[in-house]
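Engineer: Chain order of the listed sequences is C and Z. No gaps in the numbering here: position 53 of the first sequence is 52 in numbering that gives the first Met the number 0, and each next residue is one more. No gaps in the numbering here: position 434 of the second sequence is 433 in numbering that gives the first Met the number 0, and each next residue is one more.
Quick caveat, the hints were computed from the structure, so don't treat them as lab data. Among the hints, a few may not be true.
[Stated by the list, open to error] Computed spacing ranges between beta-carbons, pair by pair: (1) Asn298/Z <-> Arg42/C: 36 to 44 angstroms; (2) Met60/C <-> Val103/Z: 50 to 58 angstroms; (3) Thr368/Z <-> Asn46/C: 48 to 56 angstroms.
[Unchecked claim] Straight-line C-alpha distance at most 35 angstroms; calculated DSBU-like pairs for lysine-lysine: (4) Lys62/C <-> Lys271/Z; (5) Lys5/Z <-> Lys50/Z; (6) Lys37/C <-> Lys271/Z; (7) Lys289/Z <-> Lys37/C; (8) Lys62/C <-> Lys50/Z; (9) Lys2/C <-> Lys43/C; (10) Lys19/Z <-> Lys94/Z.
[Said to hold, decoys possible] These stretches of chain Z come out as covered by chain C in the derived footprint (C-beta under 8 angstroms, 3 or more residues): (11) 10-19; (12) 66-74; (13) 274-282.
The beta carbon of each residue, even a glycine, is placed where N, CA and C say it ideally should be.
As a plain string of letters, each chain reads:
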Amino acid sequence: MSKLTPEDILSTARRVGWDISAERAQQIAATASPAVEKFAEARKHLNFDHDTLTLQAAREMTKVQPDGKGR
Amino acid sequence: MDDMLKLSLTDAAKAIRDKKVSSVELTTAAIAKARRLNPRYNAFVRIDEAKALANARACDDELAKGRLRGPLHGLPLAHKDMYYRKGEVSTCGSKIRADWVAPVTAAALERLDAAGQVQIGTLNMTEFAYGPTGQNAFLGDARNPWNPDYITGGSSAGSAVSVASATVFGALGSDTAGSVRLPAAICGLAGMKTTLGRVSRYGAMPLSGTLDTVGPLTRTVADNALLLNILAGQDLRDPHTTADAVPDYSAAIGQPVKGLRIGRPIGYFDEKLEPEVIAVMDAVYAAYRKLGCEVIDVNMPDLDAVNAAGMLVTWGDVIAIHGEWMKNRAADYTPQTRGRIEVTLGVSAQDYGDALRFRGPALLEFAQTVFSKCDVVVAPVLSYPVPKLSEVDVSGGPNTMRILNEITRLMRPVNFLGLPALSVPGGFTSNGLPCGFQIIGRPFAEALLYRVGAAYEKESALLARSPVLQD
């Protein structure tokens, strides 16, 4: 993944029709970058077959059991 | 009658059933207190006196004829101004919806109505529930009952203030990144962030449809369990809700905790903690040991990545929901909210999709590495003592996200993983403000969380303390 830039922010803003200044785009890129970069490391957990509804299956597999102890 | 308002929800419900007090008496007292305190604490957006008293009179008439609507018969409650009631204004804390009339009634309100509640009004909140401090430049800031110079936490700010000040017996909040747990912890209450799928979000304003959850704030853990008994269950209008049976949460209260394994997190939740918070948490772990629990150090997986993924998912949902208003009505947002929404421009479609794809693997890893070693995780809610309003910059400037991100850091991973977490008062810091902690469990482990939370509540005797209000 390439680094998030102020140009990326301005490009998206133009596409969605928001009024964002160049200075503000710089601030937004700086603010958003840490989360984007941190998450990039987590992509190693993903493979081609993961879909966007993976949580539901995981919730069923990990939910509390009827013994009441949560084990 | 003010003393009656200080009863627990459970005891007040019994007092009405036993005809020791009427619904009209309690509702009248609650409305009078709300009016008296609102100039100072700003908990209420609207007080619906005529409707509430008419409802209370109907409750009293029905009880006189031997009819009980349900476990909340005649009890005055109030709710965050984002739970829609058909035909009534729901501001969602924003000028944009200042006159917006809801077309439906929220599932949560339907259930509380059926159980007999008397809703006396709607409550202050962060604009569109997008902020953790409780401040709102449009409605005016809610103020902390323990000291009005300090933040209430948010976004369910009025919910926490109205319950902590003993104006109402309970209130609905919503939790997307801590918005139930933070105000509960900061105002000295019990607050449940429910498992995604436990309570219907139908008719509740969306912030992030992927992460939003509905949960109650109350003065006691038992009261909270009673409300969740009413709120929980499948609703086909919210496809996230599950058909799994709803346990009797109230039955968990008072059950022994001896032998339970309490996880003390090593990593993430123990980072950046200030000494006073560490001291409270050490006291909490000591209390659980005294109660016969085994306190086990448990290494956390990479929750910084989980937290980041939670942000990306939130941004993707927020940019979709607020896109048109940001295009056409950007000036009608408060600076804090507008500033936070602008940051959503940083998410790409690939980031959003991949973050959603990451949820399942992240939950499996958390369950395998954490819940294989302990029954629940006990962790702080906020890494530092409650700050003053004047110490929190929420003007929307460059520092805003840095400050807000630390306030929500210990919260958001729980939402991303879809887990339940109960915030419980843990103690006090030297500024006199409450310091709460959260008990995190497997999906649908709310009953266990109530059991563990109630045990500490009893052991700590913190319920004996209440805020001294300034009229």
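Engineer: Starting from the hint list further up, note which numbers the structure goes against and sort them upward.
Structural biologist: 1, 2, 3, 7, 8, 10, 11, 12, 13
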